[in-house]
Amino acid sequence: MHSIDPLTAAARSQILTLADEIAEAFPAYWGRVPRTFLALKVREWARQIEDSNVWEPKHVKRIVRAVFSPAPELISQDEMDYVMSVLSHSGAGGEARSRTIWSALSPRL
Amino acid sequence: MTAPTEDDFKHWGIACYCFSLDLSDGLVPLAIPAVAPLISKQACREAIIRNREHITHTGRPTYMRDLVRDSWQGSGHAEFDLYVEQVFISPARRSNLDLKLLRPLNDADRLAAANKALADELDGESYAAALHSLISTDISQALFDTVMEIDSAIDGQKLTNWDEDLIARNSEIHSPESPLTLIIHTLMQSITYDAAHRLHDRLSASTQQALNLACEAPAHA
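Same order as they appear, the protein sequences are chains U and C. Positions in the first sequence are counted from 1; adding 7 to them yields the numbering used here. Positions in the second sequence are counted from 1; adding 4 to them yields the numbering used here.
Chain U on its own, in the form it takes in the complex:
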C-alpha cells in the first residue's frame, strides 16, 4: 500500500486506491458500492483526519481502514492496538479528531 501524502490526501488516484483496498478487504459490506461513492466517504474521513497534519500519512491510512471495517472481528487486534496507540498520542492538536475517531470506532471495539 502507498502512503497518503498529507498535502494531497484528497488526490484522486490515492483516494480511489484506498477505496479499492477497503472494498477488497471487506467485500460483504463494501463490495458492491460504486467505487466513486466509497472514494467520497474515504476522502471525507481522510480529510477530516489529516487536515491539520496531526498524524503521519501512514497513520491516516490505517485509521481510515479501521474506521471502514464493518465489524470488530474484521480488524486484527494488532491493527486496532496500533490505531488506538496513534489516537492516544495525538497531542493537543489532535484531541477533537481523536474524539471523532473514537466515537466511530467504539461500536467496533
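It is possible that some hints are incorrect.
What the hints assert, rightly or not - Sample of chain C residues facing chain U (criterion: CB under 7 Å; computed from the structure): (1) P65; (2) S144; (3) F148; (4) I171; (5) S182; (6) M192; (7) S194.
Because the hints were derived from the structure by calculation, they are not lab data. Small disclaimer: the values here were computed from a predicted structure and weren't measured. Glycine residues also receive a C-beta, built at the ideal position from the N, C-alpha and C atoms.
Got chain U; can you put chain C on it based on the hints?
Frame of chain U; chain C shown alone:
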C-alpha cells in the same frame, strides 16, 4: 410566523458562507437543481456585504435569511430557502423511515439483525451490500468529480479573491481545508437515503416489516 432562533441566525450565516463561495458552483446543481449557482451566490454575497455594513453601523448582525430574500434576483428562491431549512437548520427532521433504514450501516448488531430479516429475499446478501448496490453510479461520479475539483483548488491554493478572503475570515469557525463539508456530506447522505428507499420498496410487505423491526431494535441489543 415565529421569531428566528439563535440557531436560525447561525445556520443562515453558515449557508451564506458556503453558497457565496466560488468553490460551491459545481455543488449547487447537485444539491438544489432548481437554483442557478450564479443567482444563489450573488444573493449570498450581497447578504454578507450588507450584514457587514449593518454590523459597522449598529454593532449587531442581522438575519441573513431576510437579506438573502431581499437580494435574490430571479427564480429558485423558494427552493433555496427550503434547502437551507432542511439541510442546515433541521436535518434531524428527516422522515422516520429515512433515519431508520440507515441505522444498520453504523451498528454491527442492527446490521446482523437486518441481514437475518432479509436472508431469504436477498439470498444471503448483506443488507449493506444490497443497499450500496443501489447507490447511483452516475450521481456518485458527478459528485466525486466536483469534490475532487474543489479539493484541488484548495490544496493547490487556486482560490478566487472572494473565496480566499472569506475562508481566511472564517478559519476559526470553518475548516479552511474543507469549507464545504456540510453540503458534500449532506449530498452523500441523500444519495444513501435514496438507495435505502429503493431497496425497501423492492421488498415484500412481510420482509419490509421484518426489516423495520430489525432497524428499530435497540442498539447493541
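Here is what the structure says about each hint:
{"no.": "1", "hint": "P65", "in the structure": "violated (26 Å)"}
{"no.": "2", "hint": "S144", "in the structure": "holds (4 Å)"}
{"no.": "3", "hint": "F148", "in the structure": "holds (4 Å)"}
{"no.": "4", "hint": "I171", "in the structure": "violated (13 Å)"}
{"no.": "5", "hint": "S182", "in the structure": "holds (5 Å)"}
{"no.": "6", "hint": "M192", "in the structure": "holds (6 Å)"}
{"no.": "7", "hint": "S194", "in the structure": "violated (12 Å)"}
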